[in-house]
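Undergrad: Listed here are the chains, written in short residue letters.
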Amino acid sequence: ELKVEQNPLFLSMQEGKNYTIYCNYSTTSDRLYWYRQDPGKSLESLFVLLSNGAVKQEGRLMASLDTKARLSTLHITAAVHDLSATYFCAVDMKTSGSRLTFGEGTQLTVNP
Amino acid sequence: EAGVTQFPSHSVIEKGQTVTLRCDPISGHDNLYWYRRVMGKEIKFLLHFVKESKQDESGMPNNRFLAERTGGTYSTLKVQPAELEDSGVYFCASSQGKRHGDSRNIQYFGAGTRLSVL
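As given, the protein sequences belong to chains V and H, one line each in that order.
So that you can map any letter, position 93 of the first sequence is 93 in our numbering, and since no number is skipped, the others follow by simple counting.
So that you can map any letter, position 83 of the second sequence is 1083 in our numbering, and since no number is skipped, the others follow by simple counting.
So here's chain V without its partners, still in its complex pose (with noise of 0.2 Å):
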């Protein structure tokens, strides 16, 4: 059974420093997606990334992946208020059909 672990559950942050949410998985996957969610909001698709090596940046956010390690990064860099959300990866496997497999969630909260 495929699971994927994050950490950590809950990060607080001051503004301008740089931190990294991580996440593990267990088997083999096809791809690794980044989601945030603002509290009563939809989940938001951040990064999609296919294949080892991969590195997607948007902002202040990069995401990265390891498919030897199993592991994906989410490198958080000079933190501003507007990124306080709860972040989550997902993993999916041609083996599973297209659902997602869902870590328990990143609440990041930015202090001024």
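Just so you know, these hints were derived from the structure itself, not from any lab.
Keep in mind that a hint or two might mislead.
As the list claims (entries may be wrong) - Computed beta-carbon distance windows for the label pairs:
1) V/57 / H/1097: 37 to 47 Å
2) H/1050 / V/14: 45 to 55 Å
3) H/1039 / V/109: 14 to 24 Å
4) V/20 / H/1015: 21 to 31 Å
Said to hold, decoys possible - Computed cross-link-like contacts, SDA-like style, restricted to lysine to any residue with a CA-CA straight-line distance of at most 25 Å:
5) V/94 / V/22
6) V/41 / V/80
7) V/94 / H/1118
8) V/17 / V/50
9) V/41 / H/1063
10) H/1015 / H/1029
11) H/1015 / H/1050
12) H/1041 / V/78
13) V/41 / H/1011
14) H/1044 / V/9
15) H/1078 / H/1039
16) V/68 / H/1005
17) V/94 / V/71
18) V/94 / V/50
19) H/1044 / V/80
20) H/1041 / H/1118
21) V/41 / H/1118
22) V/17 / V/86
23) V/3 / H/1038
24) V/41 / H/1005
25) H/1044 / H/1087
26) H/1041 / H/1009
27) H/1051 / H/1029
28) H/1041 / V/39
29) H/1044 / V/17
30) H/1051 / H/1118
31) H/1041 / V/112
32) H/1044 / V/16
33) H/1041 / V/82
34) H/1078 / V/94
35) V/94 / H/1009
36) H/1044 / V/14
37) H/1054 / H/1014
38) V/3 / V/56
39) V/41 / V/27
40) H/1044 / V/97
Don't be surprised by glycine CBs; every beta carbon is placed ideally from N, CA and C.
Using the hints, position chain H against chain V.
TA: Using the frame of chain V, we list chain H on its own:
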């Protein structure tokens, strides 16, 4: 373009009652998914429709849950009778892609329905 919409946003019912959740996917999306997040845990897959057909319902917890997708458009998820452990946030998602590996397989999520069973 309208996103995935879910109704209601919040429902409070008593144990033993029936509740029906509705999801309107993005127009033209053949794939529709239901997921559930219980007690701040991970979001878990419930089932997947392709048009009006159930492609995968392996995540449905038990036969108190019934999902339908009329004419391949909107979907409903009915819980009857509701139990305390059914409380959580129910998410719906839709995607356009037709095959695994299709770049259009990104799933777009609604804001969820928060169900509280008392």
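Undergrad: With reference to the structure, classify each hint as holding or not holding.
TA: Cross-check of the supplied hints:
1. Evaluation of the 37 to 47 Å hint for residue 57 of chain V and residue 1097 of chain H yields a failure: the beta carbon distance comes to about 24 Å.
2. Separated by about 46 Å at the C-beta atoms, residue 1050 of chain H and residue 14 of chain V satisfy the suggested range of 45 to 55 Å.
3. Between residue 1039 of chain H and residue 109 of chain V the C-beta distance comes to about 20 Å, which sits within the given range of 14 to 24 Å.
4. Range check, residue 20 of chain V to residue 1015 of chain H: Cβ separation about 43 Å, and the 21 to 31 Å hint is violated.
5. A distance of roughly 23 Å separates the Cα atoms of residue 94 of chain V and residue 22 of chain V; the hinted pair therefore holds under the 25 Å criterion.
6. About 20 Å separates the Cα atoms of residue 41 of chain V and residue 80 of chain V, which keeps this hinted pair within 25 Å; it holds.
7. With a CA separation close to 39 Å, the supplied pair residue 94 of chain V and residue 1118 of chain H exceeds the 25 Å bound.
8. Straight-line distance between C-alpha atoms of residue 17 of chain V and residue 50 of chain V comes to about 28 Å, which puts the hinted pair past the 25 Å bound.
9. Proposed proximity of residue 41 of chain V and residue 1063 of chain H is contradicted: the alpha carbons are some 29 Å apart, above 25 Å.
10. Between the alpha carbons of residue 1015 of chain H and residue 1029 of chain H the distance comes to roughly 34 Å, so the proposed pair goes past 25 Å and is violated.
11. Distance restraint check for residue 1015 of chain H and residue 1050 of chain H: the Cα-Cα separation of roughly 32 Å exceeds the 25 Å cut-off, and the hinted pair is therefore not satisfied.
12. Proposed proximity of residue 1041 of chain H and residue 78 of chain V is contradicted: the alpha carbons are some 28 Å apart, above 25 Å.
13. With a CA separation close to 16 Å, the supplied pair residue 41 of chain V and residue 1011 of chain H stays within the 25 Å bound.
14. Restraint check for residue 1044 of chain H and residue 9 of chain V: the C-alpha separation of about 17 Å stays at or below 25 Å, so the hint holds.
15. The suggested pairing of residue 1078 of chain H with residue 1039 of chain H holds, with an alpha-carbon distance near 20 Å, which does not exceed 25 Å.
16. At roughly 38 Å between alpha-carbon atoms, residue 68 of chain V and residue 1005 of chain H are farther apart than 25 Å, so this suggested pair is violated.
17. Pair hint residue 94 of chain V plus residue 71 of chain V holds up; C-alpha atoms about 18 Å apart against a cutoff of 25 Å.
18. Distance check on the hinted pair: residue 94 of chain V and residue 50 of chain V sit about 13 Å apart at the alpha-carbon level, within 25 Å; holds.
19. Taken as a hint, the residue 1044 of chain H and residue 80 of chain V pair is broken in the structure, with Cα atoms around 30 Å apart against an allowance of 25 Å.
20. Under the criterion of a C-alpha separation no larger than 25 Å, the hint pairing residue 1041 of chain H with residue 1118 of chain H is consistent with the structure, at around 20 Å.
21. Simply put, residue 41 of chain V and residue 1118 of chain H have alpha-carbon atoms about 24 Å apart, close enough for the 25 Å limit, and the pair holds.
22. Between residue 17 of chain V and residue 86 of chain V the CA atoms are separated by roughly 18 Å; this keeps the pair inside 25 Å, and the hint holds.
23. This hinted pair checks out: residue 3 of chain V and residue 1038 of chain H have alpha carbons roughly 17 Å apart, not beyond 25 Å.
24. A threshold of 25 Å between alpha carbons decides the hint, and for residue 41 of chain V with residue 1005 of chain H the separation of about 11 Å falls inside it, so the pair holds.
25. Pair hint residue 1044 of chain H plus residue 1087 of chain H holds up; C-alpha atoms about 13 Å apart against a cutoff of 25 Å.
26. This hinted pair checks out: residue 1041 of chain H and residue 1009 of chain H have alpha carbons roughly 19 Å apart, not beyond 25 Å.
27. Under the criterion of a C-alpha separation no larger than 25 Å, the hint pairing residue 1051 of chain H with residue 1029 of chain H is consistent with the structure, at around 8 Å.
28. For the proposed pair residue 1041 of chain H and residue 39 of chain V, the alpha carbon gap of about 15 Å is at most 25 Å, so the pair holds.
29. For the hint linking residue 1044 of chain H to residue 17 of chain V, the alpha-carbon distance of about 32 Å lies beyond 25 Å, and the restraint is violated.
30. Only pairs whose Cα atoms come within 25 Å are accepted, and residue 1051 of chain H paired with residue 1118 of chain H is rejected, the gap being roughly 34 Å.
31. Annotation: proposed proximity of residue 1041 of chain H to residue 112 of chain V is violated, straight-line Cα distance about 28 Å (limit 25 Å).
32. With a C-alpha separation of about 34 Å, the suggested pair residue 1044 of chain H and residue 16 of chain V falls outside the 25 Å cut-off, and the hint is violated.
33. A C-alpha spacing of about 24 Å is found between residue 1041 of chain H and residue 82 of chain V, which places the hinted pair at or below 25 Å, so the restraint holds.
34. Restraint check for residue 1078 of chain H and residue 94 of chain V: not satisfied, since their Cα atoms lie roughly 29 Å apart, outside the 25 Å limit.
35. A threshold of 25 Å between alpha carbons decides the hint, and for residue 94 of chain V with residue 1009 of chain H the separation of about 32 Å lies outside it, so the pair is violated.
36. Simply put, residue 1044 of chain H and residue 14 of chain V have alpha-carbon atoms about 32 Å apart, too far for the 25 Å limit, and the pair is violated.
37. Proximity of residue 1054 of chain H to residue 1014 of chain H is assessed by CA-CA distance (about 29 Å); at most 25 Å being required, the pair is judged violated.
38. At roughly 23 Å between alpha-carbon atoms, residue 3 of chain V and residue 56 of chain V fall within 25 Å of each other, so this suggested pair holds.
39. Only pairs whose Cα atoms come within 25 Å are accepted, and residue 41 of chain V paired with residue 27 of chain V is rejected, the gap being roughly 30 Å.
40. In summary, the hint linking residue 1044 of chain H to residue 97 of chain V is supported, as the alpha carbons are separated by about 14 Å, within the 25 Å threshold.
The earlier numbered hints that this structure contradicts are 1, 4, 7, 8, 9, 10, 11, 12, 16, 19, 29, 30, 31, 32, 34, 35, 36, 37, 39.
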